Amino acid sequence: MVTRHKMSALLREAPLFQDLDERIVDLLAGCATNVSFDAGEMIYREGEAAKQFYEIRRGDVALEIFVPGRGPVTIETLHEKDVLGWSWLIEPYRWHFEARALTRVSAISFDAICIRGKCESDHELGYELMKRFSKIIVERLQNTRMQLLDVYGHI
Amino acid sequence: MGTFEPMVPEAYRVRKVIRELADTYTLELESVSGSPLHYAPGQFNMLYAFGVGEVPISMSGDPSQPHLLTHTVRAVGPVTQAICASGRDSVVGVRGPFGTPWPVEKAVGKDVVIMAGGIGLAPLRPAIYSILQQREKFGKFVLLYGSRAPENILFESELHEWRSRFDTQVNLTVDSASGNWKGNVGVVSTLISSIDVDVSNSLVFLCGPEIMMHFSILELIKRGFSKNQIYLSMERNMKCAIGFCGHCQFGPTFICKEGAVFRFDQIERFFRIKEI
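Chains A and B, in that order, are what the protein sequence lines are. Everything in the first sequence is counted per the working numbering, starting at 28 for the first residue and increasing by one. Everything in the second sequence is counted per the working numbering, starting at -7 for the first residue and increasing by one.
The hints are simulated quantities; they were obtained by calculation from the structure and are not laboratory data. Check the hints yourself; a few may be wrong.
To be verified - Stretches of chain B that chain A covers, calculated by requiring three or more beta carbons in the stretch to come under 8 Å of a beta carbon on chain A: (1) 43 to 50; (2) 136 to 146.
Unchecked claim - With a Cα cut of at most 27 Å, we get these calculated DSSO-like pairs of lysine-lysine: (3) B/Lys219 x B/Lys174; (4) A/Lys78 x A/Lys145; (5) A/Lys108 x B/Lys249; (6) A/Lys108 x B/Lys214; (7) A/Lys108 x B/Lys174; (8) B/Lys102 x B/Lys132; (9) B/Lys214 x B/Lys231; (10) B/Lys219 x B/Lys266; (11) B/Lys98 x A/Lys162; (12) B/Lys219 x B/Lys98; (13) A/Lys158 x B/Lys214; (14) A/Lys162 x B/Lys219; (15) B/Lys266 x B/Lys132.
Just so you know, these numbers come straight off a predicted model, no measurement behind them. For glycine and all other residues, C-beta sits at the position ideal for the given N, C-alpha and C.
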């Protein structure tokens, strides 16, 4: 079991929490635990309640969707220092895709109910998290749009 | 061989045809006259399918072997389809070499990042060969490659070979994957964050679809690269290859003559102007 103090130190290493006020990092640390997944293990499944999000410390994760007739299709892979999951932040708080560990994965898991509660009562925390997740969501949206362009099919 | 006549094709015999992908073939050509064709990485030839037409295709082989001309061609139109359908011992016309090279010599003493998308790896392969043949002259060497899907990865066996070297970092990604693919999925620009080079002392060689290069440049700049450290290969409708016909005009330049390899800061103001 990692102490809250040690967890705060771990969080400060993560790009998501860079330059965050110490008070806010400590608040987040109170909702965080270390977790690991074996290669091939499902981290979450489509349609399930999004009760966590993760900061990947080591390993690779595939975001997949099941396509009838094709099976699971990987739409993105995530790696060390990437954030996994934002459905916890937006109603109805259900996963839209599936996440599967491609290798052994170590991550920090954040309890979504705990964090949402703290965001409601501490809007500075809520605003900081929203800003940081918005940036990630926009980057991934832009990447997805590029994937949709199928650029290599038209050269 | 006599004086170089840039508008007169020379006959080359097809020695080998390699099917790289479903629609992409590599042709190894030898001059019927036996003359070598010296070229620099990044240059291109006009390949002539007799009776069909001519297209500009970059060299994709080893420039240290001037007797063996290698071109990788994707069959997308009548001329490229005819070239790809060339059998062994058939003859094609070759004019060249034309265009500006990748600045391999300028990269000596620096880290080098080669970034390719799709068939854009083919024009970069001669630069990769040149760098690996004199590997000690360069700092870190990184190859980032993006493809549509695992089955569209070009030069896959060579990518494995390059990746197995201790002095070369090779990162691949595909836009989507199903089945047993265990590698990266995502656009090639997402690989930029993973590279470990001395940004202030590096050069980047970039080749792929223009939209891929646009987003890659944005990421490279975000990562700290200067616009004058980025070289890219542009494509337009090249016909004469010697700056006469004007088909490939790009702002004040002709791609065939002042390109196809440009330093980004020299063309930046035209790069995203529509219809140029």
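So, going through the hints one by one against the coordinates:
For the region 43 to 50 of chain B, the proposed coverage by chain A is not satisfied: 0 residues have a C-beta within less than 8 Å of a C-beta in that chain, short of the threshold of three. Counting residues of the region 136 to 146 of chain B whose beta carbon lies closer than 8 Å to any beta carbon of chain A gives 4, which meets the minimum of three for the stated coverage. A hinted pair counts as satisfied when its Cα atoms are at most 27 Å apart, and B/Lys219 with B/Lys174 does not qualify at roughly 34 Å. Using a Cα cut-off of 27 Å, the hinted pair A/Lys78 and A/Lys145 holds, with the two alpha carbons roughly 15 Å apart.
Under the criterion of a C-alpha separation no larger than 27 Å, the hint pairing A/Lys108 with B/Lys249 is inconsistent with the structure, at around 45 Å. Straight-line distance between C-alpha atoms of A/Lys108 and B/Lys214 comes to about 18 Å, which keeps the hinted pair within the 27 Å bound. Restraint check: the Cα-Cα separation between A/Lys108 and B/Lys174 comes to about 19 Å, which is no more than 27 Å; the hinted pair holds. The suggested pairing of B/Lys102 with B/Lys132 holds, with an alpha-carbon distance near 8 Å, which does not exceed 27 Å.
Note on B/Lys214 and B/Lys231: the hinted pairing is violated, with a Cα-Cα distance of about 36 Å set against a maximum of 27 Å. As the CA atoms of B/Lys219 and B/Lys266 are separated by approximately 21 Å, the hinted pair is consistent with the 27 Å bound. With a CA separation close to 37 Å, the supplied pair B/Lys98 and A/Lys162 exceeds the 27 Å bound. A distance of roughly 15 Å separates the Cα atoms of B/Lys219 and B/Lys98; the hinted pair therefore holds under the 27 Å criterion.
The suggested pairing of A/Lys158 with B/Lys214 holds, with an alpha-carbon distance near 19 Å, which does not exceed 27 Å. About 24 Å separates the Cα atoms of A/Lys162 and B/Lys219, which keeps this hinted pair within 27 Å; it holds. As the CA atoms of B/Lys266 and B/Lys132 are separated by approximately 36 Å, the hinted pair breaks the 27 Å bound.
Hints 1, 3, 5, 9, 11 and 15, counting from the list given before, are not met by this structure.
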